[in-house]
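This is what each chain is made of:
Number of protein chains: 2
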Amino acid sequence: MHQTTVKDIGEQGLLARLQRFCPADVIGDDGAVLKIINDQNLVVTTDVLVDRVHFSEKTTSPEDVGWRAAAANLSDLAAMGATPIGITIGLSLPGETPVAWVEALYQGCDRCLKTYQTKIVGGDICRSSVISVAITAFGQVEPNKIIRRFTAQPGDAIAVTGIHGASRAGLELLLNPDLGQNLGQKERDNLINCHQRPRPRLDVLPHLWNLSEFIPASKNGWIAGMDSSDGLADAVLQICRCSGVGAEIEKNLIPLPPSLTQWVSPEDAIAWALYGGEDFELVLCLPELAATQFVKKLGKPAAIIGKITTEKTVILQDSLGSGSQKELSLSQGFQHFSP
Amino acid sequence: MHQTTVKDIGEQGLLARLQRFCPADVIGDDGAVLKIINDQNLVVTTDVLVDRVHFSEKTTSPEDVGWRAAAANLSDLAAMGATPIGITIGLSLPGETPVAWVEALYQGCDRCLKTYQTKIVGGDICRSSVISVAITAFGQVEPNKIIRRFTAQPGDAIAVTGIHGASRAGLELLLNPDLGQNLGQKERDNLINCHQRPRPRLDVLPHLWNLSEFIPASKNGWIAGMDSSDGLADAVLQICRCSGVGAEIEKNLIPLPPSLTQWVSPEDAIAWALYGGEDFELVLCLPELAATQFVKKLGKPAAIIGKITTEKTVILQDSLGSGSQKELSLSQGFQHFSP
Numbered sequence: 022m023h024q025t026t027v028k029d030i031g032e033q034g035l036l037a038r039l040q041r042f043c044p045a046d047v048i049g050d051d052g053a054v055l056k057i058i059n060d061q062n063l064v065v066t067t068d069v070l071v072d073r074v075h076f077s078e079k080t081t082s083p084e085d086v087g088w089r090a091a092a093a094n095l096s097d098l099a100a101m102g103a104t105p106i107g108i109t110i111g112l113s114l115p116g117e118t119p120v121a122w123v124e125a126l127y128q129g130c131d132r133c134l135k136t137y138q139t140k141i142v143g144g145d146i147c148r149s150s151v152i153s154v155a156i157t158a159f160g161q162v163e164p165n166k167i168i169r170r171f172t173a174q175p176g177d178a179i180a181v182t183g184i185h186g187a188s189r190a191g192l193e194l195l196l197n198p199d200l201g202q203n204l205g206q207k208e209r210d211n212l213i214n215c216h217q218r219p220r221p222r223l224d225v226l227p228h229l230w231n232l233s234e235f236i237p238a239s240k241n242g243w244i245a246g247m248d249s250s251d252g253l254a255d256a257v258l259q260i261c262r263c264s265g266v267g268a269e270i271e272k273n274l275i276p277l278p279p280s281l282t283q284w285v286s287p288e289d290a291i292a293w294a295l296y297g298g299e300d301f302e303l304v305l306c307l308p309e310l311a312a313t314q315f316v317k318k319l320g321k322p323a324a325i326i327g328k329i330t331t332e333k334t335v336i337l338q339d340s341l342g343s344g345s346q347k348e349l350s351l352s353q354g355f356q357h358f359s360p
Numbered sequence: 022m023h024q025t026t027v028k029d030i031g032e033q034g035l036l037a038r039l040q041r042f043c044p045a046d047v048i049g050d051d052g053a054v055l056k057i058i059n060d061q062n063l064v065v066t067t068d069v070l071v072d073r074v075h076f077s078e079k080t081t082s083p084e085d086v087g088w089r090a091a092a093a094n095l096s097d098l099a100a101m102g103a104t105p106i107g108i109t110i111g112l113s114l115p116g117e118t119p120v121a122w123v124e125a126l127y128q129g130c131d132r133c134l135k136t137y138q139t140k141i142v143g144g145d146i147c148r149s150s151v152i153s154v155a156i157t158a159f160g161q162v163e164p165n166k167i168i169r170r171f172t173a174q175p176g177d178a179i180a181v182t183g184i185h186g187a188s189r190a191g192l193e194l195l196l197n198p199d200l201g202q203n204l205g206q207k208e209r210d211n212l213i214n215c216h217q218r219p220r221p222r223l224d225v226l227p228h229l230w231n232l233s234e235f236i237p238a239s240k241n242g243w244i245a246g247m248d249s250s251d252g253l254a255d256a257v258l259q260i261c262r263c264s265g266v267g268a269e270i271e272k273n274l275i276p277l278p279p280s281l282t283q284w285v286s287p288e289d290a291i292a293w294a295l296y297g298g299e300d301f302e303l304v305l306c307l308p309e310l311a312a313t314q315f316v317k318k319l320g321k322p323a324a325i326i327g328k329i330t331t332e333k334t335v336i337l338q339d340s341l342g343s344g345s346q347k348e349l350s351l352s353q354g355f356q357h358f359s360p
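Residue numbers (our numbering), protein chains in the order written: chain A, 22 to 360; chain B, 22 to 360.
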């Protein structure tokens with residue numbers, strides 16, 4: 022059976038089909054017009070996803086590609102403290118791509134955006150020999166509530182908004198279905214869902230805004246932080262590098278998926294949490310009292326996992342276990358262009 | 022001699038080299054933070070350029086690819102009446118791409134942006150088997166000065182801000198160097214420059230803002246219009262379709278490159294002007310008095326080329342020549358996915 026392809030209906034035909042995912046008032050002009058709340062700053066972020074680099078047919082349906090692409094960008098906005106306004110999609114794809122695949126991509130994207138009260142406001146489509154999805158997201162934020170990477174201070178507590186390692190665990194289960202035989206179906210589905218349908222933590226921003234009274238005026242700006250899309254270790258290392266500080270992380274305080282150690286060695290579990298990436302939680306550095314309030318408000322699995330130090334190194338401590346100390350580095354993380 | 026490739030220096034190495042094209046204050050966070058003038062609307066537009074579809078090594082240096090990509094997006098902003106704030110670049114490229122190529126791309130982009138007092142504010146890089154450049158541009162505009170496609174009214178004059186057909190002529194000269202033997206070097210260079218370094222018409226916006234007194238309150242909104250990036254015929258047809266009106270264009274009033282008819286038949290010359298595309302002029306529909314003032318202010322080659330009618334067709338008239346009338350249609354234009 023011949024599936025209708027992009028080539029069959031042409032660029033105009035495809036655009037016409039995709040326009041149902043855009044609000045009617047932004048269609049049909051050279052650009053989309055959007056309102057910004059007065060005195061708020063615009064935050065802009067871009068991500069490119071490429072077939073067989075960031076997703077593959079084996080582990081990712083087109084709906085999931087769309088959801089994850091939208092989620093990654095919304096997570097970047099959350100990491101800046103910004104509330105989303107909209108996204109644009111720049112799509113390159115072979116003419117042989119089934120129209121149903123493209124529609125499913127937009128569907129997944131749209132579903133994720135709707136969950137966070139935002140929308141696709143524009144885009145462009147072009148033929149290419151490989152599928153590439155470039156998303157740009159816009160948000161708005163009060164200038165004094167921007168979360169930056171460079172304002173962490175010694176003494177700040179390091180808080181994470183949720184578990185780490187779940188996305189990587191879900192990916193492993195998809196790639197190797199024989200793994201985790203002792204997992205229940207619900208636990209398995211839950212880990213896979215963490216990989217396929219990650220949730221950007223825009224929900225935590227209002228809780229941060231309520232912390233003003235706990236942030237001393239002496240602090241050099243608002244809360245420091247970023248998201249853990251490239252791994253928890255990467256997030257802590259980037260914040261420390263940008264802020265000219267170091268950190269001590271307590272291994273036993275990092276929230277892991279409860280089912281993970283049932284089928285993975287403790288070493289792999291912590292490695293996935295630190296370097297797996299794509300958990301899309303926020304990693305925040307803020308005064309201890311504010312951090313305690315924040316983590317209490319969110320409830321478990323949110324946790325304080327360590328503190329910012331004056332040393333320029335990031336140390337992973339194991340106080341409950343061997344008492345060992347290990348220095349973390351970026352080179353253990355994921356590098357897109359590594360041979 | 023081995024040229025340094027993207028694979029040699031990795032994604033982080035490449036990002037470090039490209040950051041010199043970004044303002045220091047937008048580097049190193051999950052997103053860029055930008056100011057918007059209070060009460061102005063945000064305008065967002067996206068374009069995707071793909072190697073061997075939109076550019077080729079034969080006709081386009083990496084500097085030119087960068088310039089043209091930036092110019093196309095700034096032209097979309099101009100087409101909405103918006104002043105640029107910044108752009109993001111989402112780049113997919115093979116690891117074998119020379120670093121010098123990527124730097125030249127950014128250089129060209131940056132040069133074009135600087136000409137229009139704007140800048141690269143963010144981006145992402147990812148490996149792929151084919152080069153794809155997705156640009157998103159942001160601008161700001163007063164809500165009552167937004168240029169739309171759907172507000173053209175019967176009786177409006179149709180004004181163009183400059184010549185049409187020059188970009189296509191330049192492309193033909195690049196592809197077939199034997200053409201136009203009777204052209205002087207300066208004329209030849211000028212046409213090629215129109216193709217390689219098109220200029221978005223942001224400069225005309227202040228002249229439009231000065232026309233308020235000539236736009237009657239009875240008009241359904243501000244001036245209608247769009248840019249001629251997909252050809253003059255496409256622009257007039259799109260405006261008419263969106264506004265539910267028609268148009269009469271006078272063939273002899275369309276400003277052509279003066280040297281064009283020296284080496285191209287009159288039929289080809291008018292076809293290139295109507296369907297060649299990438300001239301990046303503005304096509305505007307406004308009351309006759311306002312149009313006259315506007316064209317006078319800009320000077321030649323800006324011109325009034327016809328008027329909006331109540332009929333739903335777009336007619337090309339030849340009053341000076343055969344007296345013939347021809348109906349224009351979109352199907353003669355460029356379709357990206359045509360077999």
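The set of hints was computed from the structure by calculation and includes no laboratory data.
Check the hints yourself; a few may be wrong.
Identical copies go unnamed one by one, so any copy, or any two together, can satisfy a pair.
Claimed, not checked - No farther apart than 27 Å at their CA atoms in a straight line, the calculated lysine-lysine pairs in the DSS-like style are these:
1) K28 <-> K56
2) K56 <-> K166
3) K207 <-> K321
This one's a predicted model, so the numbers in the text were calculated from it and none came from an experiment.
Hint-by-hint comparison with the structure:
no., hint, result
1, K28 <-> K56, "neither (36 Å within a copy, 41 Å between copies)"
2, K56 <-> K166, "both (19 Å within a copy, 14 Å between copies)"
3, K207 <-> K321, "within (20 Å within a copy, 72 Å between copies)"
Hint compliance for this structure: hint 1 is the single one not met.
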